[in-house]
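For the sequence shown, this note's numbering assigns the number 103 to the initial residue and increments by one for each residue that follows.
No wet-lab data here; the hints were simulated from the structure.
Hints are not guaranteed to be accurate.
[To be verified] Here are the computed lysine-lysine pairs in the DSS-like style, where the Cα-Cα straight-line distance is at most 30 Å:
#1 Lys319 / Lys216
#2 Lys462 / Lys315
#3 Lys319 / Lys396
#4 Lys315 / Lys459
#5 Lys319 / Lys459
#6 Lys315 / Lys396
[To be verified] Label-pair distances were calculated between CB atoms; the ranges are:
#7 Ser304 / Ile199: 24 to 34 Å
#8 Val469 / Tyr492: 49 to 59 Å
#9 Leu299 / Ala428: 42 to 52 Å
#10 Val495 / Ile262: 27 to 37 Å
#11 Leu506 / Ile262: 17 to 27 Å
#12 Phe309 / Leu255: 24 to 34 Å
#13 Ala428 / Val495: 40 to 50 Å
#14 Gln389 / Thr314: 27 to 37 Å
#15 Thr198 / Ala468: 24 to 34 Å
#16 Ile422 / Leu318: 42 to 52 Å
Beta carbons are placed, not taken as given, at the ideal position from N, Cα and C, and that holds for glycine.
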Amino acid sequence: MNSTTLNLTRGNLVKNIVTLFSNTAISQGFTALTYLLTARQLGSTLFGQLSACLALASVTSVIFNLGLDVRLMREGARTQIPLSELIGTNVVIKITIGITWVFALSIFAILIEKETFPPALMAITALSVWMDDLLRTALNAYKASLRNINTLLIESTSDILWFAGTVILVAMAIQAPEIYMTLRFLILLATVIAAYLLIYRSIGIHFSFSTTKDSLKASPPYALSEFLAQASMRLDVVIIAFILGSAFVGLYSPAVSIISALYFIPISIYSVMIPALSSHFEKNSSQAWRSARKFTGLLLITGACLSFFLFISANWLVSILGESYANSAQILQILSIILFLKSLSSAMVGILIAGGKQSKRAVIQAVVVGLGAILNLLVISSYGIIGVAYVFVLSELFMLLGYLYLVRQFWFESRSFQAV
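Construct the entire structure; sequences and hints are all you get.
Below, the structure written as structure tokens:
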């Protein structure tokens, strides 16, 4: 049984949303500044190499993380499995499979002999993504138990240190992307060690063969969804990297990075939404749907405001990067609507995960990501990164429509069950 009892009063939920918002505002704010500084210092071609390696590592990271953190967010808020066992299971699986994944990706970069993916940069990027994923388990454990002050302290401190280190490298006029990624890896390694020491003392870390077996058995739909979620945000960058090269990645990826940085606001709400709704669906589905409507309304308003802000400020944001990124402004304006679409999608995904409908979500993701990849391959030669940007928007619209259909189905099922 899970010994974590959640306080689901309105005041505590608001407190956790505010805490997560503060955390992600600090964390993503410093992350965005760090990427902007790095992009300005390296220029579009070298920054394109860094972005291409990061995109490839992120898309393939599902090989070792298996989407288990999404399951931890859901099950950690319920009563069947101790949270400490979920944490221990995730860590053991990620370490065991992750080591092999890092070596495989490093060897892949050597074999393809492509300028866009320098082997040394690919290796250190893989290590950084691995550490970041291990840190995500610790942070999600605190989110699942609504102890988000810990999330605030750990993640914000890490990203502030990363920003400070990057400022030093820029001041030293360092222009090697490998050095910037090595800095990221070392800070993440230190943060992971500190985070798990705190986890061990506050929640506990226990390994269980039965929980591991159950987690691996339950992982396919979560792993598929994790891969498809990463692919929906990163696969276009990977395609650009392989077909057009690092210079075009350098022009496209800053817009995607800015979108990801601003997405922290919807994610703050979403991260509180899943454990809250999971607990409600387990005990009182009527209350769960009432809460779901409130969360959805909040995410709708948030996404609309973010998209409007990004559209009108695109030129100013890109001007910070310098003249070599001038063509990125149009990309950013095209992609600005993504924040509205993804905010609404997050609300639908939160309902589906909390209600145990993860496998159905994966079907929608698979269809949309597959369609997006095909469309990207068709348009990239003729329309370049502008065409890829429009495909991104279209894919997110299709994703949202699919999720809305699934949530509508789930709502009717829930009403029928209550009637019986």
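Note to self: Is 24 to 34 Å respected by the C-beta to C-beta distance linking phenylalanine 309 and leucine 255?
What the structure shows: holds (26 Å)
Checklist line | Hinted pair lysine 462 and lysine 315, Cα distance within 30 Å | finding: holds (22 Å)
Next item on the list: Given the hint that lysine 315 pairs with lysine 396, test it: the Cα-Cα distance must not exceed 30 Å.
Entry: Violated, at about 36 Å.
Note to self: For lysine 319 and lysine 459, compute the direct alpha-carbon distance and say whether it is at most 30 Å.
What the structure shows: holds (16 Å)
Notebook entry, point to check: Would the pair lysine 319 and lysine 396 pass a check requiring their Cα atoms to be no farther apart than 30 Å?
Noted result: With a Cα-Cα distance of about 34 Å, the restraint between lysine 319 and lysine 396 is violated, given a limit of 30 Å.
Checklist line | leucine 506 paired with isoleucine 262, Cβ distance criterion 17 to 27 Å | finding: Taking Cβ atoms as reference, leucine 506 and isoleucine 262 lie about 38 Å apart, which means the hint is violated.
Check: Holds or violated: lysine 319 with lysine 216, Cα cutoff 30 Å?
Finding: The hint is violated at about 37 Å.
Next item on the list: Starting from the range 27 to 37 Å, see whether the pair glutamine 389 and threonine 314 falls in it by beta-carbon distance.
Entry: At roughly 33 Å between Cβ atoms, threonine 314 and glutamine 389 fall inside 27 to 37 Å, so the hint holds.
Item checked: Beta-carbon spacing of serine 304 to isoleucine 199 - inside the hinted bounds 24 to 34 Å or not -> Since serine 304 and isoleucine 199 have Cβ atoms about 26 Å apart, the given range 24 to 34 Å holds.
Notebook entry, point to check: Between alanine 428 and valine 495, is the Cβ distance one that fits in 40 to 50 Å?
Noted result: violated (21 Å)
Checklist line | Range hint compliance [Cβ, isoleucine 422 to leucine 318, 42 to 52 Å] | finding: holds (45 Å)
Notebook entry, point to check: At the C-beta level, are leucine 299 and alanine 428 separated by a distance inside 42 to 52 Å?
Noted result: holds (46 Å)
Consistency note: the structure conflicts with the earlier hints numbered 1, 3, 6, 8, 11 and 13.
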